[in-house]
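Engineer: Quick mapping for you: the protein sequence lines, in order, are chains Z and P. For the first sequence, the residue numbers in numbering that gives the first Met the number 0 are 0 to 85. For the second sequence, the residue numbers in numbering that gives the first Met the number 0 are 0 to 356.
Treat the hints as calculated values from the structure; they're not laboratory data. Warning: the hint list may mix true and false statements.
Said to hold, decoys possible - Just so you have them, the derived chain P footprint on chain Z, three or more residues with Cβ under 8 Å:
| # | segment |
| --- | --- |
| 1 | 8-15 |
| 2 | 21-27 |
| 3 | 70-82 |
Said to hold, decoys possible - Label-pair restraints from in silico Cβ distances:
| # | chain 1 | residue 1 | chain 2 | residue 2 | range |
| --- | --- | --- | --- | --- | --- |
| 4 | P | Gly336 | Z | Asp42 | 55 to 61 Å |
| 5 | P | Glu95 | Z | Ile17 | 33 to 39 Å |
| 6 | Z | Glu40 | P | Glu272 | 42 to 48 Å |
| 7 | P | Glu209 | Z | Arg35 | 43 to 49 Å |
| 8 | P | Glu118 | Z | Leu28 | 44 to 50 Å |
| 9 | Z | Asp42 | P | Glu34 | 47 to 53 Å |
| 10 | P | Gly92 | Z | Pro2 | 46 to 52 Å |
| 11 | Z | Glu40 | P | His335 | 50 to 56 Å |
| 12 | Z | Asp69 | P | Gly217 | 18 to 24 Å |
| 13 | P | Glu95 | Z | Asp42 | 25 to 31 Å |
| 14 | Z | Gly43 | P | His335 | 51 to 57 Å |
| 15 | P | Thr94 | Z | Gly43 | 24 to 30 Å |
| 16 | Z | Pro33 | P | Asn321 | 35 to 41 Å |
We treat Cβ as the ideally placed atom computed from N, Cα and C, and that holds for glycine.
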Amino acid sequence: MTPDSIPQMTPGYRLHPIQDVVLIPEGVLELSGPSRDILLEVDGKRTVREIVHHLAAKYEGADENEMLDDVVALLGRLAERGVLQG
Amino acid sequence: MSSTTRPQSLICEVTHRCPLHCLYCSNPIEMQKMETELPAEVWRRVFQEAAALGILHLHLTGGEPLARKDLAELIQAGHDAGLYVNMVTSGVGLTEERLAGLVQAGLEHLQLSFQDADEARANYIAGTRAHAWKLGLVPLIKRQRLAFTVNLVVHRQNLDRLEEMIALAESLEPNRIEIAHVQYYGWALKNRNLLMPTEEQVRYALPVVEAAKTRLRGKIHLDAVLPDYYANFPKACVGGWGRQMILIDPAGRALPCHSAGILPGFSFDNVREKSLSWIWDQSPAFERFRGDAWMSETCRSCDRKERDFGGCRCQAFLLTGNMEAIDPVCTYSPQHGLMEELRKPVGDELLPIYRNS
Ligand code: SF4
Ligand code: SF4
Chain Z
0 MTPDSIPQMT
10 PGYRLHPIQD
20 VVLIPEGVLE
30 LSGPSRDILL
40 EVDGKRTVRE
50 IVHHLAAKYE
60 GADENEMLDD
70 VVALLGRLAE
80 RGVLQG
Chain P
0 MSSTTRPQSL
10 ICEVTHRCPL
20 HCLYCSNPIE
30 MQKMETELPA
40 EVWRRVFQEA
50 AALGILHLHL
60 TGGEPLARKD
70 LAELIQAGHD
80 AGLYVNMVTS
90 GVGLTEERLA
100 GLVQAGLEHL
110 QLSFQDADEA
120 RANYIAGTRA
130 HAWKLGLVPL
140 IKRQRLAFTV
150 NLVVHRQNLD
160 RLEEMIALAE
170 SLEPNRIEIA
180 HVQYYGWALK
190 NRNLLMPTEE
200 QVRYALPVVE
210 AAKTRLRGKI
220 HLDAVLPDYY
230 ANFPKACVGG
240 WGRQMILIDP
250 AGRALPCHSA
260 GILPGFSFDN
270 VREKSLSWIW
280 DQSPAFERFR
290 GDAWMSETCR
300 SCDRKERDFG
310 GCRCQAFLLT
320 GNMEAIDPVC
330 TYSPQHGLME
340 ELRKPVGDEL
350 LPIYRNS
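Next comes chain P alone, as it looks inside the complex:
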């Protein structure tokens, strides 16, 4: 059963190197080393193949994309292929000159994330004194011809200050604000108890987000991705497995989702050896959870399967140990009770765990 949908976006983790040590980093605990990183000429071919597959957006992320000296070359390659080029960055180390070079190469959108409205707390979360640098960078970004998004990553340690965080983002006058809850994959899993918001926090956040959306309408577009830990039904993870996007890790492995690397028994084809269209149409990893044949009877006979495609496989695996299980976020899952366990308040004496490399 090969996919009937075409991918829309290509997410490229061009490096895992990063000067920050965010407590919520979703990169894997074992990161790809610099020596294994794909060279620019392979990326160039991959971008051409992506465009031929009908992909429109290229998202350069990491790690910190700026850690690659040849970043402008990568952007140029994406632009030459006709892709819309976006970069997600911490901005650390970015100068006006380098930024101008990236924009000239074809960068169209830049996303800069903020960890808190309060400098000391933001630096605590990033494990690095990066907050003031980021603020200083904003006027330089705004002088360039490109779209600008402020990302706010929220969790237990900052959700109470969501209004202040939105106010900070607003004062930076971006085109967009994106509010995302931490996802508990990779490194973030180590800090889950420290970062998992309480139910009250989530309940407080919802109307704050709605009020901000209304207030900012016509000025700043606000997108918010809410946590599904407190929902009754799962969301369509990555728009459905093998339906909308392809993620390439720094070494060239093509994954159907950011954290698919944790799933047992998988092998991911590498763009060094295989074309992107082969990977999309034929690779076993992308085929694995397409359609409904793999689903439990509960999902297969449920109307929502066309909307959530059975929920998140990584979440199912992390929480139940079985990657084919019904996503436990779903009320119909016999293991839905696990979610309640997770939502139970934990003590405040927890210590943060930073990556030291």
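Just chain Z, same shape as in the assembly:
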């Protein structure tokens, strides 16, 4: 996962409509902190950088570069677990 990757949810892996979990074939992955808000932005169209830019506008006072590092790391972990592609 890099700032220019275009992440997409893997078919058969999805956010629960209300709970802070991702439904995966063998169960659930618990989400913490802002993970849910970030995953909600993953649409298979925008790059990680674009997603972070969009989110930064929502979280006032956030350092966009710092946020980018965190989001790349989070999405990278989810990709390694098979939740995301791209």
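Chain P with the ligands: place on chain Z using the hints.
Structural biologist: Chain P with the ligands alone, transformed into the frame defined by chain Z:
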């Protein structure tokens, strides 16, 4: 003492009918007939009740779920209830058109099992020439938008080829690979001597699995359920009795575990008559082995009881004749010696016993 935990998954054996005759089949020897199968409208209500109970995953299994003509309707009903719908299938008879219909109805995950890496041996275990068909099905599955798991069922007759089996699974590029040892319930019990792996085989398999996990990390997720016949402590069977899952058999009986039907003196409530929440909170069958009041003093004073919930009741019953006994897998069981008996090598002249219906 009603349960403090909420169930997470609902396993529905929608039929016992199946075109295969696997030697390791864990379905009961006396299977439910087609006439007794729950109709779709009852399943629909059950799925709604399951979602209301907080269940997230619906596992459609059997038998072969495809044997039900109304399978797409069942999937749709699960999906409408908001459940994540998984199906465990042999794939036999599945066409691209039908699969597309199932995915459209809401199927999100499909598990296809392979019996060996070698075609002739795989067909021998399945009692059916199914291996080539399954391989042919994989490209059709991969064209659909759904998660795909390859299940490898391992036992004495194929464990020596575990590396080849993993390589086969890997070449099919699934999202997941699941390796499970045969469980000796139902029909499988008849073939136990033929299927029980030797200690050397189990010892060979462990590092093979670990190496594959490392090699596949980030590409394919590998889950392996190891046999507890060679362990010193039992595992938490089904995550603990009446703690995580509900299984419904084709006729609608709700069971706390796949093989609970063998336990004496039990009666299982039927979803035709009772709601799922009543069954979860109040039915005597689900209450029976919750908590620690039923446990022997050994378990009750043992720290591990919060982890294994006293082990498997069916295993305790099958091996000791007493369903309240300490699971004999446990080193602290006075009957732990039984496990050694089971592990003793048996001759190679054993013949397979197939189900003929
Ligand atoms: S284990 Fe084999 S025979 Fe038994 S239900 Fe599954 S596919 Fe059919
Ligand atoms: S004594 Fe009972 S609770 Fe303790 S490890 Fe053995 S089976 Fe589990």
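Engineer: Decide, hint by hint, whether the structure agrees.
Structural biologist: To see whether the hints hold, each was checked on the structure:
no.: 1; hint: 8-15; verdict: holds (count 6)
no.: 2; hint: 21-27; verdict: holds (count 6)
no.: 3; hint: 70-82; verdict: holds (count 4)
no.: 4; hint: P/Gly336 to Z/Asp42: 55 to 61 Å; verdict: holds (60 Å)
no.: 5; hint: P/Glu95 to Z/Ile17: 33 to 39 Å; verdict: holds (35 Å)
no.: 6; hint: Z/Glu40 to P/Glu272: 42 to 48 Å; verdict: holds (47 Å)
no.: 7; hint: P/Glu209 to Z/Arg35: 43 to 49 Å; verdict: violated (33 Å)
no.: 8; hint: P/Glu118 to Z/Leu28: 44 to 50 Å; verdict: violated (37 Å)
no.: 9; hint: Z/Asp42 to P/Glu34: 47 to 53 Å; verdict: holds (48 Å)
no.: 10; hint: P/Gly92 to Z/Pro2: 46 to 52 Å; verdict: holds (47 Å)
no.: 11; hint: Z/Glu40 to P/His335: 50 to 56 Å; verdict: holds (54 Å)
no.: 12; hint: Z/Asp69 to P/Gly217: 18 to 24 Å; verdict: holds (20 Å)
no.: 13; hint: P/Glu95 to Z/Asp42: 25 to 31 Å; verdict: holds (28 Å)
no.: 14; hint: Z/Gly43 to P/His335: 51 to 57 Å; verdict: holds (54 Å)
no.: 15; hint: P/Thr94 to Z/Gly43: 24 to 30 Å; verdict: holds (29 Å)
no.: 16; hint: Z/Pro33 to P/Asn321: 35 to 41 Å; verdict: violated (52 Å)
Of the numbered hints given earlier, the model fails hints 7, 8 and 16; all others are met.
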